[in-house]
Amino acid sequence: MNFFKKWKKLQILLLFALFILPANVFAYSKYIIPGGETIGIEVNSNGVYVVGFYDVNGENIGKDAGFKVGDKIIAINNEKITSISSMIDKINQEAGSTTLEVTVEREDKTSDLALKMKCDSENVCKTGLYVKDEITGIGTLTYIDPNTKIFGALGHEIMEKTTGEKFEIKDGKIFKADVTNTTRSSNGSPGEKNATYDKNVVFGKITANEEVGIFGKYQDTFASTNTLEVAEEKEVTTGEATIRTVLKDNEVKEYAINIIRIDKNSDTKNILFEITDQTLLQETGGVIQGMSGSPIIQNNKIIGAVTHVIVNDTKKGYGIFITTMLEEGDKSI
1 MNFFKKWKKL QILLLFALFI LPANVFAYSK YIIPGGETIG IEVNSNGVYV
51 VGFYDVNGEN IGKDAGFKVG DKIIAINNEK ITSISSMIDK INQEAGSTTL
101 EVTVEREDKT SDLALKMKCD SENVCKTGLY VKDEITGIGT LTYIDPNTKI
151 FGALGHEIME KTTGEKFEIK DGKIFKADVT NTTRSSNGSP GEKNATYDKN
201 VVFGKITANE EVGIFGKYQD TFASTNTLEV AEEKEVTTGE ATIRTVLKDN
251 EVKEYAINII RIDKNSDTKN ILFEITDQTL LQETGGVIQG MSGSPIIQNN
301 KIIGAVTHVI VNDTKKGYGI FITTMLEEGD KSI
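Going by our numbering, 240 is the number at position 240 of the sequence shown; the sequence numbering is gapless.
What the hints contain is simulated information worked out from the structure, not anything from laboratory work. Backbone N, C-alpha and C fix where the C-beta goes; we use that ideal spot for every residue, glycine too. Take these hints with a grain of salt, some might be off.
Unchecked claim - Label-pair distances were calculated between CB atoms; the ranges are:
1) Glu59 - Glu283: 45 to 55 Å
2) Asp267 - Thr180: 26 to 36 Å
3) Ile84 - Leu281: 37 to 47 Å
4) Thr180 - Gln278: 20 to 30 Å
5) Lys126 - Glu232: 25 to 35 Å
6) Thr183 - Glu101: 25 to 35 Å
7) Ser266 - Asp55: 23 to 33 Å
Unchecked claim - DSSO-like mimics (lysine-lysine), calculated; alpha carbons at most 27 Å apart, straight line:
8) Lys63 - Lys116
9) Lys217 - Lys30
10) Lys116 - Lys126
11) Lys72 - Lys30
12) Lys161 - Lys30
13) Lys170 - Lys199
14) Lys217 - Lys205
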């Protein structure tokens, strides 16, 4: 599964105003462990999202009740709903009732909607609503702070593809994933990493889904304790650099890129680069989905992470400054 298919029609595809404070305000380390490993990602919402509708006996009872895609169901008959399982339990309890009072959150406001359920003779009830309470996919680990054990990944937020909005999370986890193969990028059609994963091998807990990445506490043993120095924004220059990423299994390799432009005014698209490594280009055709979060290294310092692919020129992509991720990670935990 992948987070990004909705955005293929955009010129710039997500592959996932910075207020600058003095460096000593933040607790992140000057030396961090660079990532590059492919990870499985699962995030759970604090509530249940409406993502679509279906007809029940020729009626669209969900739409008729006033629901909209993107609504978050937070209560039924004044009982808090935090997951699909709790929603099903409550519906089963109310199977003898014809109407549910459903409290939804929409654009930071709450309202109550009267949903007329359709139940059969065996009290199997249908709501006419397609719902979601979790998102699962793959991405790339960007860094681990060896002192605080805070990790950052993706370099951008996780979005709910139906609504195009940031997925508000309750919690989540990162876990073992192995790349099986890749689908090549071509101009106008970004490729992707394909992977298998094992949710039972948990590396860390996700506590924040922010515009500049996902963050949490790493819980597993560090695969490597080798660290790289963190580069400040002023140290990042145009010219040669590398990215760390996985193309097969979970073997992290470095691939050559050329940084074309630096933009200190953008929130997330700070580093415009072009892949120059012929091995990577032959394998992937350019930047592919699932690379988001891949660390960018220059002059033996970690400077950023891959975040976007340019759809009409897939050899090129954007990256975010590593300091932006580190500052957000420090605030989010």
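Now the hints, each set against the structure:
Between glutamate 59 and glutamate 283 the CB atoms are about 51 Å apart, so this pair conforms to the stated range of 45 to 55 Å. For aspartate 267 and threonine 180, the hinted distance range of 26 to 36 Å is satisfied, since their beta carbons lie about 34 Å from each other. Distance hint check: the CB atoms of isoleucine 84 and leucine 281 are about 42 Å apart, consistent with the given range 37 to 47 Å. Here the CB-CB span from threonine 180 to glutamine 278 is close to 23 Å, well matched to the stated 20 to 30 Å.
Hint check: lysine 126 to glutamate 232, Cβ distance near 57 Å, so the stated range 25 to 35 Å is violated. One distance hint, 25 to 35 Å for the beta-carbon pair threonine 183 and glutamate 101, is violated here, with the actual separation near 46 Å. At roughly 45 Å, the beta-carbon separation of serine 266 and aspartate 55 lies outside the given 23 to 33 Å, and the hint is violated. With a C-alpha separation of about 11 Å, the suggested pair lysine 63 and lysine 116 falls inside the 27 Å cut-off, and the hint holds.
Only pairs whose Cα atoms come within 27 Å are accepted, and lysine 217 paired with lysine 30 is accepted, the gap being roughly 18 Å. For the hint pairing lysine 116 with lysine 126, the CA-to-CA distance comes to about 9 Å; that is within 27 Å, so the pair holds. Distance restraint check for lysine 72 and lysine 30: the Cα-Cα separation of roughly 40 Å exceeds the 27 Å cut-off, and the hinted pair is therefore not satisfied. The hinted pair formed by lysine 161 and lysine 30 fails the criterion: a straight-line CA distance of about 36 Å is larger than 27 Å.
In summary, the hint linking lysine 170 to lysine 199 is supported, as the alpha carbons are separated by about 18 Å, within the 27 Å threshold. For the proposed pair lysine 217 and lysine 205, the alpha carbon gap of about 6 Å is at most 27 Å, so the pair holds.
Consistency with the previously given hints fails for numbers 5, 6, 7, 11 and 12, ordered from lowest to highest.
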